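Generate the whole structure from the sequences, applying the supplied hints.
One-letter residues, chain by chain:
There are 2 protein chains.
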Amino acid sequence: MDYKHFKRKIYLEDKPRAQAREEILEAFRLTPEKEEISTITALGRVTAEPIFARVSMPHYHASAMDGIAVVAESTYSAHEQNPLRLKRGGEFCYVDTGNAIPSPFNAVIMIEHVDVIDEETIEIIEPATPWQHIRPIGEDVVQEEMLFPQGHILRPADLGVLLAGQQTVIPVAKKPVVTIIPTGNELVEPGAELAPGKIIEFNGSVFAGFIKEWGGEPRLHPIVKDEPENIKAVLLEAAETSDIIVINAGSSAGSKDYTVHIIGEIGEVFTHGVAARPGKPVILGKINGKIVVGVPGYPVSAYLALEWFVRPLVCKYLQIPEPKRQTVNVKLGRRIVSSMGAEDFVRMNIGYVNGQFVANPLTRAAGVTMSYVRADGMLIVPANIIGYEQGDTAEVELLRPLEEIKNAIVFCGSHDLTIDLLSSQLKKTRTDMKIVSSHVGSMAGIMAIRKGEAHVAGIHLLDPATKEYNLSYVNKLLAGQDVILYPFLKRKQGWILPKGNPLGIESAADIARVKANYVNRQKGAGTRILLDLLLEEGNLSPEDIIGYDREMFSHLAVAAEVNGDAHGAGLGIYPAAKAMDLDFVPVADEEYDLLMTRSFYESESGQLLIAMIQSANFKAQVEKIGGYQVVENAEPKCLEVEV
Amino acid sequence: MDYKHFKRKIYLEDKPRAQAREEILEAFRLTPEKEEISTITALGRVTAEPIFARVSMPHYHASAMDGIAVVAESTYSAHEQNPLRLKRGGEFCYVDTGNAIPSPFNAVIMIEHVDVIDEETIEIIEPATPWQHIRPIGEDVVQEEMLFPQGHILRPADLGVLLAGQQTVIPVAKKPVVTIIPTGNELVEPGAELAPGKIIEFNGSVFAGFIKEWGGEPRLHPIVKDEPENIKAVLLEAAETSDIIVINAGSSAGSKDYTVHIIGEIGEVFTHGVAARPGKPVILGKINGKIVVGVPGYPVSAYLALEWFVRPLVCKYLQIPEPKRQTVNVKLGRRIVSSMGAEDFVRMNIGYVNGQFVANPLTRAAGVTMSYVRADGMLIVPANIIGYEQGDTAEVELLRPLEEIKNAIVFCGSHDLTIDLLSSQLKKTRTDMKIVSSHVGSMAGIMAIRKGEAHVAGIHLLDPATKEYNLSYVNKLLAGQDVILYPFLKRKQGWILPKGNPLGIESAADIARVKANYVNRQKGAGTRILLDLLLEEGNLSPEDIIGYDREMFSHLAVAAEVNGDAHGAGLGIYPAAKAMDLDFVPVADEEYDLLMTRSFYESESGQLLIAMIQSANFKAQVEKIGGYQVVENAEPKCLEVEV
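Each protein sequence line maps, in turn, to chains A and B. Quick note on my numbering: the first sequence kicks off at 1 and runs consecutively. Quick note on my numbering: the second sequence kicks off at 1 and runs consecutively.
Please keep in mind that the hints were generated in silico from the structure rather than gathered at the bench. There's no promise every hint is true.
For chains that are exact copies, the list does not tell them apart, and a pair is met inside one copy or across any two.
[Stated by the list, open to error] Derived SDA-like pairs (lysine to any residue); straight-line CA-CA distance at most 25 Å:
hint, residue 1, residue 2
1, Lys-451, Gly-197
2, Lys-212, Pro-321
3, Lys-619, Leu-471
4, Lys-286, Asp-482
5, Lys-324, Glu-397
6, Lys-331, Asp-463
7, Lys-316, Ala-611
8, Lys-316, Ser-38
9, Lys-324, Thr-241
10, Lys-174, Arg-400
11, Lys-331, Tyr-574
12, Lys-515, Ala-100
Bear in mind that the values here come from a model prediction, so they are computed numbers and not experimental data.
So this is what it looks like as structure tokens:
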């Protein structure tokens, strides 16, 4: 890298997102193209013109019943006291549902009201009225009737009326071709070997998925190296072959940011930067009449920028409205701070606890794809609001069906690998249920139960005074609340160390002595509290431990860090060390219990969860992991409730 | 057809739908199969197993900023009063966002806080803290973390984390193969020539569309003739090659009903008939271990039976929950009568008028596919309820997005062909808006405005006393209401007659004299009121007209009937006759006006509608049809409102 790039300053605009959107829609002047396709392949396609029925359905007078066709006027004398006999052929004929009514008949009598005398004769005791039980021509579809206007997205039954109306080939909107160009020297194709500094190019596949869902035709270009001439050539070619161009990365104000200059050079740039986060450093421009959208490299920024600016273009091309997400009002479990002057898109977890929707923000780091994947909804903080207080009600756009959110068991507190197993098991038994877990640590888990934001919390908190786990904390923090502490697991905590334990670590004192790079857990995590106790017992202080302030949010994250550093050390559960083939020196057998409200414990979901935990199958699976023992015949502990 | 079939009685059960569903789900014991597919093709597929990350993302310590990497501990002396110079190489290196942090560096300083002295030297005035601006290993995805449990439907961003976790090939649930067998001698393939009694086989394509949407793999079998041996052979073969079998028609209690007997003969029948309408005569059974669902022939019955019984099987196979539709509470515009002991599925039109959802039932005839296509929602009347009164509130399942319903202009009243044109034009200008029209006749249109169930009503009512159109009716029926009558069209009404007018009809008297088969319109339709006036003027009575009681609901439907009958005659507008190449004898130039509330007239939608009507483009299109003239410089008429 050449330092001189730093001399170039890039100023990002703070253009309102709505304005940028209007401008790009205005600039998108492509005439949508039509294509004629076979109706049976048209599911999900968009009609390009109004479509009219070529024939009526039925296209003849059809019997609506199984029975006989008669001339109504000739049956008027039929009566219970005066049955009327009719002869087959001239006076009646048998018809089934759907049969054409032969001339001169003009009414149908249901077979249930016909007395069959012999092969040629029937008797009736009630007259028919003209046109009874006959489906008139065009009852369903009338010839020349408009079946659909243009801009209609075809659903399964729509194909039926098109075929019924003899429209076997129909004009639909051509799918706009969206070329996706991933750029960056650091990118490698999925599956390729990884070296430090190399990143798997997966955004392109995500973009392709979104564009397909929106009705466009994605074309994913191979990775383009960060060379201006390269990028220029690819952009110019894409402008020839596509309706819309999406170029990924190269739009942060980084040192290799050629994209905006190239677009400006070979086309024009309308917008560089919008007042919305993440996704701010988007580029909107035009090259040879084709709109080009430069989306930022961080995944979440990229997906949002794509939705903000590419989706409207695809919909405009198809002449369909942009889909809107269902929204729901939620109670905010935490304070949310936003910056004035810019919209903030905050990914949220939503739980349905005690009859209300409670939402908490996920990490706001734009590089964390999982925060988008895990999100149940999106809170859009308007530009003129600096945020919300804890407990405020706010409207959230749903990223999952409401039903799925309603049926989820909200698990929080300490991280344990068996929770994933439990979740998988539960989904096998009840496909409509799942466990949504967030790793916030034991203390935060207790608080979530207290605030009614979670159904279950996993906790493992050692009381230094009593050397007992959990109960004293719950008693202190949830005094007077009707909660259940359900004994769940005994599990092994220990030092997680590089393979072969090169530094020979056996204790906290060793870690201090050899100056290992310790990887700690966040405040309130049971494992951190355990470390603090071990330090106290060893007459050590946090200052003695290098990395004491470095916080990770899960056992696996600690193990992953240790895995990358021959001088690393961490504290965590055995399976995390095992998963990454690291050394493990046991420190404590701890009790990992489940805390829940009594109302959840007694609910159908609660009982299902308990039954699952106690099943032989689950126990066997957990113990197979190693370092675990499921508590047999667990006795739920209740707090004393003040009445 | 052989009459002896009538001797066999078929008793349909009235089994509760839920019970039939439970039984069939219980009987569906196929072990779902998995297949390994490339992740980039897995959009919309369902994970067959829990999937874990193979690598962390980032898999190295990555810079979160553009800047310089340093050893934090070596910067502690930096201060505004005491700038610290660092040498490139040993003391710092330049990093871009995403770059790996080379050893021994452990912090990043943003480039904005770096003062570049020369190519080899920089200066800082603030110390760095360890690990600042570094994305730790696994910040996004941690190796061995469960990315998804089994039973997860993959969305675009999900593909991203799978690829990031180096899962380029994943196990997904195989799509269940659903063979669809259309049976019936009356069926012809779409596009084939039609003879009376022949019906286009379109249900199969609709079923295939539904099954595709639900995640199955449809295989549409060619039409099978109604021959027991034929059907038997096809069913047995399908049981070999598919996971689920759907056989269409042959399940009504009609004369050609072999299906239930065949299934019983070569397999077993669990259910024949459920207590739910339409869709009651469904057959549920099993052949050689494969579930077979016999769905009724009428389209709407068939689609419902498919949703009731085939969708749960597909979802069970995929191990996903059945999707649930969004619901909305509506005010019922009409009374809805249902039978005790059976559920009733009533297709509903829903309008959003004056801030509330108002719903009216569409025709309940199971043969009217358009009633399903046009429906905005489905009202499910439980078995133990005999219906609802007009004005009751009921919950309706939505068949369209709520947003689409909210943005629709609800048009009712008299049918006119230009309304479709208007609707198409509107959708072109505003893709998120549309006109939903129901043809109820002028009088019913006025009543809908009075009851707040529609935004606009098209009316053409001739006052016999004044010979004026519309205003006197509105004055009488909407006295005191703040409504606008907007002059819209002058249009030609006349006799619609078979090509060449073989009966030489010129007047109502001619119709009576030649005993033509007259096709009337429904009560309250302006055209029927016109006929009554013509009869009165000709000193004729309804009894003089054959077919006076035969009611059609639109001009096109009248024309379609006349088209099929050399002795036919009807009254209607010129374009309806023209559309079917029929003769037309003008009778009256009538005024077709638009009635709307002032609040709608003044709303954005209302003004948009008016602007569209007055546009030169729309006028030109209407006048091109023939028989029309758009009123120029129309002056909206207001009623006198009592204040």
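Each hint, compared with the structure:
1. For the identical chains of this complex, Lys-451 and Gly-197 are neighbours neither inside a copy (42 Å) nor across copies (68 Å), given an alpha-carbon limit of 25 Å.
2. For the identical chains of this complex, Lys-212 and Pro-321 are neighbours both inside a copy (16 Å) and across copies (24 Å), given an alpha-carbon limit of 25 Å.
3. With identical chains, the CA atoms of Lys-619 and Leu-471 are at most 25 Å apart within one copy only, with a shortest distance of 24 Å there and 80 Å across copies.
4. In this homomeric assembly, Lys-286 and Asp-482 never come within 25 Å of each other (Cα to Cα): the closest approach is 62 Å inside a single copy and 50 Å across copies.
5. Taking the shortest alpha-carbon separations for Lys-324 and Glu-397, both the intra-copy value of 9 Å and the inter-copy value of 18 Å come in at or below 25 Å.
6. For a Cα distance limit of 25 Å, the shortest separation of Lys-331 from Asp-463 qualifies neither inside one copy, at 33 Å, nor across copies, at 59 Å.
7. Only between protomers do Lys-316 and Ala-611 lie at most 25 Å apart by alpha-carbon distance; the minimum there is 22 Å, versus 52 Å within a single protomer.
8. In this assembly of identical chains, the alpha carbons of Lys-316 and Ser-38 lie at most 25 Å apart only when taken from the same copy (23 Å versus 32 Å across copies).
9. With identical chains, the CA atoms of Lys-324 and Thr-241 are never at most 25 Å apart, being 30 Å at best within one copy and 41 Å at best between copies.
10. Taking the closest pair of Cα atoms, Lys-174 and Arg-400 come within 25 Å of each other only across two copies (23 Å); inside a single copy the shortest separation is 29 Å, beyond that limit.
11. Proximity of Lys-331 and Tyr-574 under a CA criterion of 25 Å is satisfied in neither setting, with 37 Å inside one chain copy and 60 Å between copies.
12. Taking the shortest Cα distances, Lys-515 and Ala-100 sit within 25 Å of each other only across copies (23 Å), while inside one copy they are farther apart (94 Å).
The structure fails hints 1, 4, 6, 9, 11 (numbered hints given earlier, in ascending order).
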